[in-house]
Structures are given as C-alpha cells and as structure tokens.
Amino acid sequence: MRYKKGKIISMIAGEKSKVYIKDLKRNYSLYLMALPILAFYILFHYKPMYGVIIAFKNFSPAKGVIGSEWVGIKHFIDFFCNPYFFRLMKNTLVISLSTLVFSFPAPIILALLINEIRSKWFSRIVQLIVYLPHFISLVVVCGLILKFTSDKSIINDIAVLFGHERVSFLNHPKYFVPVYVISDIWQSAGWNSIIYLAALTSVEQQLYEAAIIDGASRWRQTLHITIPGIAPTIITMFILRIGNMLNVGYEKIILLYNPVTYETADVISTYVYRKGLIENSWSFSTAVGLFNSIINFTLLIFANRLSRKINEISLW
Amino acid sequence: MQISRGQKMFNVFNYILMIFLMTVTLYPFLYVAFASLSNSVEFMSHQGLLLAPVGFNLNAYKIVLKEEMIAIGFRNTLFLLVTSVSLQVTLTVVGAYVISRKNAILVPLFTKLIIVTMFFSGGLIPFYLNVRSLGMDNSFAALIFPVAINTFNLIIMRTAFITIPNSMEESAMIDGAGPVSILFKILLPLVIPTVMVIVLYYSVSVWNSWFNAMIFLRNRKLFPLQLVLRETLILNSTNAMAQTGRDSEGVSETIQYAIMMIATLPILVVYPFLQKYFVKGVMIGAVKG
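Going down the list, the protein sequences come from chains A and B.
When you line the first sequence up against my numbering, it's residues 1 to 316, in that order.
When you line the second sequence up against my numbering, it's residues 317 to 605, in that order.
Check before you lean on any hint, since a few could be wrong.
A short, non-exhaustive set of chain A residues, derived as facing chain B with CB atoms under 10 Å [said to hold, decoys possible]: (1) 52; (2) 54; (3) 122; (4) 143; (5) 250; (6) 260.
To be clear about the criterion: a stretch of chain B counts as covered by chain A if any three or more of its residues have a C-beta under 8 Å from a C-beta of chain A, and this derived list gives those stretches [as the list claims (entries may be wrong)]: (7) 426-432; (8) 478-492; (9) 515-527; (10) 591-600.
No wet-lab data here; the hints were simulated from the structure.
Here a beta-carbon is modelled for each residue, glycine too, at the ideal position from N, C-alpha and C.
So that you can see chain A by itself, here it is in the shape it has in the complex (with noise of 0.2 Å):
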C-alpha cells in the first residue's frame, strides 16, 4: 500500500513538474517582466512582515533581526502593565468611534442631497468644489487647523460675539477630538461621497417609475428604493472601516497633538512612532504596533463574517 502510495504521488509529481517546465517554456518572459515586481513586494513587504519577529526579542542593530536575543512575550506583558496602555486604548476607541459615527455617514448624507439636485451644471459645480480638500496636503491642511483654531482665528472672533473667552483649540485636550472630526468631515466628505454617487447611479430607474405611479413621495423613494439601493456599498465600506477600528493613522496626529493634548489625542499608532522612532525603543514599540494589528484583523473578520450572515454580502 505504502509503496503504491507513494508511487503514485511521484508520477503525479513527475506529471506536475512536467507542467510546470512546460508552462516556464511557454511563459518565462512573463515570469522574468514580473521579477521586479516580485523583488518589491518581498524586499519592501514580505521582509518587514519576517521583521516583526523582533517584537519577541531585544532588537539592537549591531546584531540584527536574527542575532538578537529571545525575549518571548515581555514586550507585550510591559504594554499590558504599562501606565499609558488604557489612555492610549481610551483615546484610539474615542478617536475611531467618533469618525465612525460622524465621518462615515457624512458622505452617505451627502451624495444623497447631491443626487437630489435637478441642476446638471450645479451639480457639478458641487462635487468640483467639495472633492477639492482631499487634494490638498495634509500638512497644508494641518497647516490651515493651526490657523483657524488658535486663539487669534476667526472662529474666536465668533465665539466672542457669542460670548465665549478666546481659547487654542488644539492646546486643550477637550477640543483635540472636535476638531480632529471636523476637520476630517471637510478634508474627506466630499471625496468619499464619489463612491455612493456612483452606486446611486446604478439603482433601477423602473423601480422609481413604479414607486411614482403608486404614489410614493420623494422622500418615501428615499427611503425604500434609493437607501435598499446603494446599502451593499455602505455595507461595504462599513466593513473596511470596522477593519480599520483600531487603525488611527498617525499622520494628521503628529501634525497636530502636542504634549499638552497627548491626553486625549495620544493613540496607538503615535505611540509607536514616538517609542519606536524617536525613544529607539524598537522591539517594544514593534510589539505594540503587533498588537494594534492583531486586533485590526480580528475586527476585520468577525465584521465580515456578521455582514455575511445577515445580508450576504463579504469581502472574499
């Protein structure tokens, strides 16, 4: 038995391996155009995935990924016990929860009253003019908060109409969020409205023609053919943003915290950059950015898997 077994499993090997010469031959100047490609993907991908490995040990350049020494979990339990770990948890949660319930719908809300909008021309005015913040960069942008938040801006000059004392906005902790959603609703609305636009556009017109004739008012077609419409899109985007729960990015944070606001605008990711970058804590830091994205992906998943079971729809 054993010997047939294995028999058979090498002439099947021989019949593969005669496959796969073959399929050189033919293609190997399609293998040789997507060396390159793969070279990227290994060198700048696969190679600092393997480099993760350091967060179980204590990293130190001079002797490398490989030469450093175990250190098994330790990394993980100081993050555990570390004063900082709930203030970091506390902020990442606030900062995501927040863009989730006010940033994610936006452009939902958005592309509905565009698509409201009779006017061709005006129409496109619209869209010209709320996608263009996405195109300015970030630290322009950062740039513009800083301006229009400190004590001296505008906004002030409102609010003293109004009564209110002068602040800096972004030197108190209390406004660091406020202004992180807002800002991020002006920055990404707009832009992030294109995708819902485009699912509106494929929604069946009979069944407005249908709804019409049985009398249904605008906002009742709203509610029960243009939303049941363009919900696998939302349903969509709702499961990338649950995948990204934990994925505060650090970019716009850094340009914009200081260590007055560290309070409540200190997350996991900012935390890594400064204890891996700046600190040079490399292992320790390596492995709180493991951790962030254990949680990711296990957010990702159970996401999907809820969206899978209630309407079908899945990432993969």
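Position chain B against the provided structure of chain A, taking the given hints into account.
Frame of chain A; chain B shown alone:
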C-alpha cells in the same frame, strides 16, 4: 408630473445647504489668499471675517520667493515627481499586465502574494528598520523605492487589462509577438486612460508625502517641499525668514499664508481640469475593490 409643496421646499433647502457647504469648503482657501496679500501689521490687528486683503501688498511673497529652503523644497519635490512617478507607473503597468494574464500557472500565486500585503504589513518600525538596513537612509532612495508600487493602483490597472478582450492578444500571439511587445505595442495604447488615472494618483501621493522624508532624511538639502512646509507651518520656525523680513512677529503670519498659497496654487490650477480622471479612478477601483 406635479411637484408637491414639500418637494419645492426641500429643493430650496437643498440648494441653500449646498451653497453653504461650498462656502465652508472654499472660504479657508480664500482666507489664506487674502491674508497672504495683506499688510502684515494691519493683518495682525484685524478681527473677524476677511473678505479682501487688508492693506494689499506683496511683501510676504517677495520674502518667501527669496527663501532658500522653499526653492530647495520645490526642486526636490519636482525631482521626486519625475523619478518616483515614472518608476511607479512603469512597475505598476508591467505588474498589472503580468497578474492579468490567465494562461500562466504561477500568476494566481503572484496575485495572492500581492493581495495578502493589503491586509498584513510589518508595521511602522520593521518598515523603518528594513529601509535602514538596505542602506537607503538619508537619501532619495528611501523616498522612492519603498513606495514603488501601490497595490490599490496595481489592482485598478489590472482591471483595465482584464477588460480588454482576449482576441486582441491571441491574434498578436499567432503573429509571433512575445509578452513584452504585446504589452507595449498592443495593450498599452488601449489602457492609456487608466494609465493617466494612476499617473495622477501617484503624482498626488508623491506631492503630498512628508512622513517618510521626515523619518529618513537628516540632510536638509534633500527635504521635499512638504517637509519644509511642516517646519514653517507646524513647527513654526519662521524665525529665520522673519529676520530677513525685519519686523519679526507680524511678518511671519502673512509669510506663513503666502507659503501655503505657493504650495497649494499648483494643485488649485490643475485640479479643475483633472478632476474627472480622479473620479474615474474611484469608479474603476470600486468595481473590483
């Protein structure tokens, strides 16, 4: 069709809301433009809405245009735009072509290897240490090679290749054309609109990127524009420039606005003409993504 009164009211409300949204979006830019053209002292004492420059003058621009770091930033960014974007587009087109072929056994494996990187990454620190260990630290190489392919753009490009009917390629193969000439002579002319889209996407990301430059560059002569902007707008180190502009504090404010203007103007000028290509890219990406 009869339009109900509620409907009419909604339409009016919607138009007003849209005009409001456009104003909120555009006003910050107008404010920056007016502020940059203002007299620095008068601007300091100005309060409330700015609907025109106060004490119109071009002093801020004169100072900024003489500033060496701004010139260096522009030069480096232009250099990066040319080199980085051509490398990115070349690799993306070739890579997308390879993973859009259906009659090669290894292609599905390549595709999987590439897609996996959209979900998993080593994270910031391993990425940083990797680039350093490759000896690219403190050089343009650190800004060019690690971002040589963006997987989203690769997928957009692949979608374009897949939608071309197979018969085009088959007839070329019968004529004895290899994959290289099939790609460049036959398929590429058919996907030029999508190539334009990814050229724009890559250009925007190169123009806007600052973080990699911040963590990898120490030589100030290599700083791209955005990193110079970060120093002047975020870290507030206009001191050097303010001294050349004599009256310190007052000038620095209007100088900062002038810098924002100069750094954004190129985008504002080309944006209206290119907007439709960007939107098209989102549509293509949405089909597959």
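- For the hint on residue 250(A), does the least C-beta distance to chain B fall short of 10 Å? Nearest chain B Cβ about 8 Å off; hint holds.
- Between the segment 591-600 of chain B and chain A, see if three or more residues pass the 8 Å beta-carbon test, and mark the coverage as holds or violated. holds (count 5)
- Query: Hey, does the residue 54(A) contact hint survive, CB to chain B under 10 Å?
  - Reply: With Cβ-Cβ at 7 Å, under 10 Å, it holds.
- Satisfaction of the residue 143(A) interface hint, Cβ to chain B closer than 10 Å: Given a least distance of 3 Å, the restraint on residue 143(A) holds.
- Item | 8 Å C-beta criterion, at least three residues: is the segment 478-492 of chain B covered by chain A | Three-residue rule not met by the segment 478-492 of chain B, so violated; n is 0.
- Message: Using the nearest Cβ pair, does residue 122(A) come within less than 10 Å of chain B?
- Response: 7 Å, holds
- Count the residues of the segment 515-527 of chain B with a beta-carbon closer than 8 Å to any beta-carbon of chain A: does the count reach three? holds (count 5)
- Message: For the segment 426-432 of chain B, count the residues whose Cβ lies under 8 Å from any Cβ of chain A; is that count three or more?
- Response: holds (count 3)
- Query: How about residue 52(A): closest beta carbon in chain B under 10 Å, or not?
  - Reply: 5 Å, holds
- Query: Are residue 260(A) and chain B close enough, Cβ to Cβ, to be under 10 Å, as the hint says?
  - Reply: Hint on residue 260(A): violated, closest Cβ of chain B at ~15 Å, above 10 Å.
Checked against the numbered hints given earlier, the structure breaks hints 6 and 8 and satisfies all the rest.
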